[in-house]
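Please arrange chain B on chain A, whose structure you already have, making use of the hints.
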Amino acid sequence: MSSETVMHPSVEENRSGAWSGGKSPFKASYGKLMMWYFLLSDAFTFAGFLIAYGTLRFSNPTWPVPDFVFSTFPGGLHNKPLYFVTLMTFVLLFSSFTMVRAVQEGQRENKKGVIVWMLLTIFGGLAFLGCQAWEWNTLIAKEHMSVTTNPFGTHTEHGRYLEGDGHGIEAGDTFDPGTPYLIHKHHGEYQRLKYEVTEGPQAGSVKEMSFGPVAFGALFFFITGFHGFHVFSGVVFLLIIMLNVASGIYAKRRNGYEMVEKIGLYWHFVDLVWVFVFLVFYLL
Amino acid sequence: MSHLSYKEAKSKVLKVILILGVITIVEVLFALLGKGYIIEGVHFPTAIMGLAMIIMSFVKAYLIVYEFMHMKYEVPGLVKSVLLPTLLLVWAIIAFFYEGNTWKNYRAAASKVEERVDPPGTLKAEDIKSGMEAQQESHSGDSGDHGDDPSGH
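As they're listed, the protein sequences go chains A and B.
Residue 140 in the numbering used here sits at position 140 of the first sequence, and the numbers go up by one each step.
Residue 1124 in the numbering used here sits at position 124 of the second sequence, and the numbers go up by one each step.
Here chain A stands alone, though its shape is the one from the complex (with noise of 0.2 Å):
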C-alpha cells in the first residue's frame, strides 16, 4: 500500500541516473504497471482456455447451437434467443461505465464521488453475479446439463418422431438436418426420443437422440465459471478499495486516487474477456 505514495521532488533528484530508479520510462507507478503485466499474464490464461474451447469446436462435427440453448429467460419464458445473455452483457458494460467514472471523481481528488461511482460497480458486479447464478442453475437444474454429460444436440439428418416428449414435440413431428434438441430428464432417465430418417440411404431406418458434444458441458462451465470467479474477486477488490476510499487514507497521497484506477483496470479487464466469452459462446 505504501508503495502508492508519490516521490517527493527531492528523492527524485536523489535518484537520477537510467539504473538507479531516477528516470521512469513508461511514466507510470510500479503499482499501476504491475497490474498491466498481470493482467497480460491473466488474457493468456484465458486465451489457453478459449483456444481449448476452439479447437474442440472445430474437432466435432456439430455443436450445441447457442439462440437454442441460451434461450430461456426468468418468468419461465422459452423461445427468447439471446435475449439473457445480451442482458448481463448491458450489466457488464454499464458497471464498466461507472468505474470510468468513478477513476474520473478520484483524479479531481473527488472524495465523494469516488464512494458513489464505485458503490454502482459493485451493484453492477453483483446483478452480473446474479445472472450468472440464474443461467447456471437453469442449465443444471433443469436441463440437466453436466460436466460429463451434454443433452444438448444437433440432428444430422432428415426424419420424423416417433413420440412426443411432452415438451413441445409430438409424434410425427418432422425436423431437418442442423436442428437443434434437447434431451430432457423424466424420473431420473434421459429421454432419448426415437424417430425415422425419412431421407437419405438410411431412409427407414429408426434412431434415438444422440447426446450432443460431451466437451461442451465441461468447458461452458469452466470457462465461465473462472470468468465469473474473476468477476466475484473484482466485487471483493472494489468493496474493500471503497471502504478505504472512505476512511480517507487515498484522500492523504494526493496521487490522484490512483488505487482506484488499479482496480479500474481490473475490472475493465473482466469486461474484455466478457466480450470474447460473449463472442465464442452465445454468438458464434
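Mixed in with the good hints there might be a few duds.
Calculated pairs, DSS-like style, for lysine-lysine (alpha carbon to alpha carbon, straight line, at most 25 Å) [what the hints assert, rightly or not]: (1) Lys1080/B / Lys32/A; (2) Lys1007/B / Lys111/A; (3) Lys23/A / Lys1072/B; (4) Lys1012/B / Lys111/A; (5) Lys1072/B / Lys32/A; (6) Lys32/A / Lys112/A; (7) Lys1012/B / Lys27/A; (8) Lys1012/B / Lys112/A; (9) Lys1104/B / Lys1035/B; (10) Lys112/A / Lys1010/B; (11) Lys80/A / Lys1035/B; (12) Lys1010/B / Lys32/A; (13) Lys1072/B / Lys1007/B; (14) Lys111/A / Lys1010/B; (15) Lys27/A / Lys1080/B; (16) Lys1080/B / Lys23/A; (17) Lys112/A / Lys1015/B; (18) Lys252/A / Lys112/A; (19) Lys32/A / Lys1012/B; (20) Lys112/A / Lys1007/B; (21) Lys1007/B / Lys27/A; (22) Lys27/A / Lys1010/B; (23) Lys142/A / Lys80/A; (24) Lys142/A / Lys185/A; (25) Lys27/A / Lys1072/B; (26) Lys194/A / Lys1112/B.
Hints were generated in silico from the structure; no laboratory data involved.
Please read all numbers here as calculations on a predicted model, not as lab measurements.
This is chain B only, laid out in the frame that chain A set:
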C-alpha cells in the same frame, strides 16, 4: 492522466459506452438474423456473419482497452510491452484450430470406414462420438426392431 479536461473526458466516456452498447445490439441482431429469427426463412452464410461479429468484438476490445483502460494515453513503450506479446496468440489460434479441424476429418473418415465394414446393428462411430452414455446403454438396450438401430440403444 489524460490530456482531456474533466468535462471532455466525461462526455467522451459517455460516447464510448453508447458505441459499445450499439455494437453489442448489432452483434446480437446479426447472430439472430443469420439464423433466420428476424426475417422468416432468411439465412446468411455463417462465415460472413461470423467474420462480421469477430470484427465487431475486436472493435469493442479496442474501445475498452484504449479508452476505458486509458491505453491511448500511455507512453508507446508501455503500450508495446503489453500488447505485442499477445501477437503470439495468432500462432496458437491458427495451429490449434487447424489441428481441431484435422481431428474432425479423421472422425469423419473413421465413421465412413465403420459404416462399410460393420453389419447393421453393431456399434458405430457415431456412438463413440456421442460419448460414454451411448456406449453404456447399447449393451442394456432392447434392440427389438430388427437391429437396424445405428445410433445404438
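We went through each hint and held it up to the structure:
Between the alpha carbons of Lys1080/B and Lys32/A the distance comes to roughly 15 Å, so the proposed pair stays at or under 25 Å and holds. Taking the CA atoms of Lys1007/B and Lys111/A, the gap is near 18 Å; set against the 25 Å cutoff, the hint holds. For the given pair, Lys23/A sits about 21 Å from Lys1072/B by alpha-carbon distance, which is consistent with the 25 Å threshold. Taking the CA atoms of Lys1012/B and Lys111/A, the gap is about 22 Å. The hint holds against a cut of 25 Å.
Straight-line distance between C-alpha atoms of Lys1072/B and Lys32/A comes to about 15 Å, which keeps the hinted pair within the 25 Å bound. Restraint check: the Cα-Cα separation between Lys32/A and Lys112/A comes to about 23 Å, which is no more than 25 Å; the hinted pair holds. Of the pairs offered as hints, the one joining Lys1012/B and Lys27/A holds, with about 23 Å between alpha carbons and a cut-off of 25 Å not exceeded. Restraint check for Lys1012/B and Lys112/A: satisfied, since their Cα atoms lie roughly 22 Å apart, inside the 25 Å limit.
Distance check on the hinted pair: Lys1104/B and Lys1035/B sit about 23 Å apart at the alpha-carbon level, within 25 Å; holds. Between Lys112/A and Lys1010/B the CA atoms are separated by roughly 17 Å; this keeps the pair inside 25 Å, and the hint holds. Between Lys80/A and Lys1035/B, the direct Cα distance comes to roughly 14 Å. Compliance with the 25 Å bound is thereby established for this hinted pair. Straight-line distance between C-alpha atoms of Lys1010/B and Lys32/A comes to about 22 Å, which keeps the hinted pair within the 25 Å bound.
Of the pairs offered as hints, the one joining Lys1072/B and Lys1007/B holds, with about 18 Å between alpha carbons and a cut-off of 25 Å not exceeded. The hinted pair formed by Lys111/A and Lys1010/B meets the criterion: a straight-line CA distance of about 17 Å does not exceed 25 Å. Restraint check: the Cα-Cα separation between Lys27/A and Lys1080/B comes to about 14 Å, which is no more than 25 Å; the hinted pair holds. For the proposed pair Lys1080/B and Lys23/A, the alpha carbon gap of about 19 Å is at most 25 Å, so the pair holds.
A threshold of 25 Å between alpha carbons decides the hint, and for Lys112/A with Lys1015/B the separation of about 24 Å falls inside it, so the pair holds. The hinted pair formed by Lys252/A and Lys112/A meets the criterion: a straight-line CA distance of about 15 Å does not exceed 25 Å. The straight-line distance between the Cα atoms of Lys32/A and Lys1012/B is roughly 23 Å, inside the 25 Å bound, and the hint therefore holds. With a CA separation close to 18 Å, the supplied pair Lys112/A and Lys1007/B stays within the 25 Å bound.
Straight-line distance between C-alpha atoms of Lys1007/B and Lys27/A comes to about 24 Å, which keeps the hinted pair within the 25 Å bound. Of the supplied pair hints, the one linking Lys27/A and Lys1010/B holds, its CA atoms being roughly 23 Å apart against a limit of 25 Å. Taken as a hint, the Lys142/A and Lys80/A pair is honoured in the structure, with Cα atoms around 16 Å apart against an allowance of 25 Å. For a cut-off of 25 Å, the pair hint linking Lys142/A to Lys185/A stands: about 9 Å separates their Cα positions.
For the given pair, Lys27/A sits about 13 Å from Lys1072/B by alpha-carbon distance, which is consistent with the 25 Å threshold. Proposed proximity of Lys194/A and Lys1112/B is supported: the alpha carbons are some 23 Å apart, at most 25 Å.
Every hint, counting from the list given before, is met by this structure.
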